[in-house]
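Asks: Given next are the chains, with one letter for each unit.
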Amino acid sequence: MTAYLDVDVRPILRAGGEPFSVIMAALEKLEPGQGIRLYATFKPIPLFAVMADKGFAHSAKPLEGGEWEVLFTPAETPKTEQGVSPSTDWASAPWPEPSVKLDNRDLEPPEPMVRILAAADQLAPGETLSALLRREPVFLFPQLERRGFRWLGGFLPDGVTYELTVRAPL
Amino acid sequence: MIGGSLFRWTMAYFAAALAWLLVALALMLGGVGYPAADIASPDTLVLVHAVTIGWLSLAMCGALFQFVPVLVAKPLFAEPWALPALGLLTSGLVCLLAGFLALGGRLPLALWLLPVGAVLLVTGFTLVVVDLGLTAWLRPTGPASFVLVGLASLCATAAFGSIFAFALAGWGGSAGEAVLASGVPLHAIAGLGGWLTLTAMGVSYRLLSMFMLSPDVNERQSRITLATGALAIAVTVAGGALAIGLASGMSAVLLLAGVLGLVSAALYGRDVAGIFRNRKRRQLELNMRIATLSFASLAGVAVLGVALIAVGELAAQVGAFTFLAVFGWLSGLVLAKLYKIVAFLTWLETYGPVMGRTPTPRVQDLVAEGRATKWFVIYYVAVWAGTLTLLAGEPGAFRLAVAAMTLGVAGIIREIVRIRRLADVAHPLRLPGGAIAPHLLFARN
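Chains E and U are the protein sequences, given in the same order.
Numbers 1 to 170, taken from the numbering used here, label the letters of the first sequence in order.
Numbers 1 to 445, taken from the numbering used here, label the letters of the second sequence in order.
Check each hint, because a few of them may be wrong.
[To be verified] Examples of chain E residues lying across from chain U (beta carbon under 7 angstroms, computed):
1) Asn104
2) Glu108
3) Val114
4) Leu117
5) Asp121
6) Ala124
7) Glu136
8) Val138
9) Pro142
Source of the hints: derived by calculation from the structure; they are not laboratory data.
All values derive from a computational prediction rather than experimental measurement.
For each residue, glycine too, the CB sits at the ideal point set by N, CA and C.
Produce the entire structure from the sequences given, and follow the hints as far as they go.
Replies: Laid out in structure tokens, this is it:
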């Protein structure tokens, strides 16, 4: 019997927020073999592919008022790949192709962060930029959130390159 | 929120730690404790605990509260505990030192101060250990696993220390007396070797590779370094406690722990050499150049230890050995890293909110390395000279060396305060529109 961690992102969605990072955070808290029971205000189809990449099968059932309950159950042999495919924004339409691409892998910290913030500030509403880094940019995230940017990120299959996609607020 | 926000009280912890370092240096200058007094005397206990709890432990806690959440990419388990913990540790240390002064006849005989101090310290350290431990436990790999072993060693150190405090007050019973009679080396090894050294090693892996653009040390490799170090501490604590229980000698246990400790230090040296060798950044910043002096001192500690055992002098020279470990390896590394950490956090706090919107200074614009180099060099030359004067049994020359150390530390503190005040940032960039000058003792967000 699979145990499920309840994750209710309906308040975040109703407030117009981006629940992806919350779901990814929940994912990291799971015990081996544990799944996620997700509550959302719509059927989160693009998320199914992201979760399948991470080794989770899904089953969705509609609730009242157009809301959905989705069970993500760990598959028998989860993939070991660590990365999050940062290409889909499952909460709305897919994100546009990045209008700026940065390779910040060989810059001395904190220069990668400075350049990403500078480039992000030039984006038109809804545009995205992508950046390659050597580390998870933990000090950058609070700055992005404070400015209303959305972001997706994860290590690529090589395990050492971190790809970050940042989207300007609409 | 995912990510590394600024921990509010890091600067307060650092300030308290530096104040205790100055207290300890003043005590040595004034001829309180070893080498003027016996190494087991109450005066020496005052000095040792001002350094290890006041200076090193508070500085380490302040750094860990900021960096453990960064290591595991999760928020701190309970940020509101940090300031009460600082209050408990400070008041507990004051009580403990007053108790030692009473023990030595410098204050009226009020030995109950020792257990009271121990209880306050244990309460404060419990807040720290639970807070950091539950945070690090979320992703117990790499540097975070060193921190977890360090915290476990801190618990063992505090347990021994509490038993000593109750025994010295006459409340320990016969078991307490037995632990007090032979457990002091266990307390010291768990504290200096386990808590302070293993934690410093773990944090240094990440800081060194981050600031030198070097790949992280291979997890399997660093795990062996940690396992050897953890085994050394476990052998010391468990084997030592067993030896006390059986009322047998402890030299076999300490020898085994020493060999394991030596292997762990050698493996750490190999790991650090790898980080330096694989770095993309050829030019080293001041804090890295100074850190190499700290690594050299750690190697010196290992060589000195082996040499003293070979000539049968370790027991007689344990003061010089400990002095080099505490001031050459640990204090030097912490001072060098404080210099960098304060600059980085101050830069992030001040310029993060306006970065990308207006020109901002670089982190290196906050520091004046040319001026700071001089103070660090004075400090290190003085520490090595101090070690030699202790080995040679020259207390007068030792106080001269301490005077030079104090000068170096005062200079470094002045540089750190100038960083925090943005005193070296050129004017048009210093406070661009929207940037707010940081407070000296806490972060605003």
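Asks: With 7 angstroms as the cut and Cβ atoms as the points, is E:Leu117 at the interface with chain U?
Replies: 3 angstroms, holds
Asks: Close enough to count: is the Cβ of E:Pro142 nearer than 7 angstroms to one in chain U?
Replies: 5 angstroms, holds
Asks: The hint names E:Val138 as touching chain U; please verify it with the least Cβ-Cβ distance against 7 angstroms.
Replies: Nearest chain U Cβ about 4 angstroms off; hint holds.
Asks: Is the interface hint for E:Val114 satisfied, with its Cβ closer than 7 angstroms to some Cβ of chain U?
Replies: For E:Val114, the interface hint holds, since the closest Cβ of chain U sits about 6 angstroms away, which is under 7 angstroms.
Asks: Minimum Cβ distance from E:Ala124 to chain U below 7 angstroms?
Replies: It is violated, given that the least Cβ distance between E:Ala124 and chain U is near 15 angstroms, above 7 angstroms.
Asks: If you take the shortest Cβ to Cβ gap from E:Asp121 to chain U, is it below 7 angstroms?
Replies: Nearest chain U Cβ about 4 angstroms off; hint holds.
Asks: When the nearest CB of chain U is found for E:Glu108, is that gap smaller than 7 angstroms?
Replies: 6 angstroms, holds
Asks: Using 7 angstroms as the Cβ threshold, decide whether E:Asn104 counts as touching chain U.
Replies: 11 angstroms, violated
Asks: With chain U as the partner, please determine if E:Glu136 meets the hint condition of a C-beta pair closer than 7 angstroms.
Replies: Holds. Min distance 6 angstroms.
Hints 1, 6, counting from the list given before, are not met by this structure.
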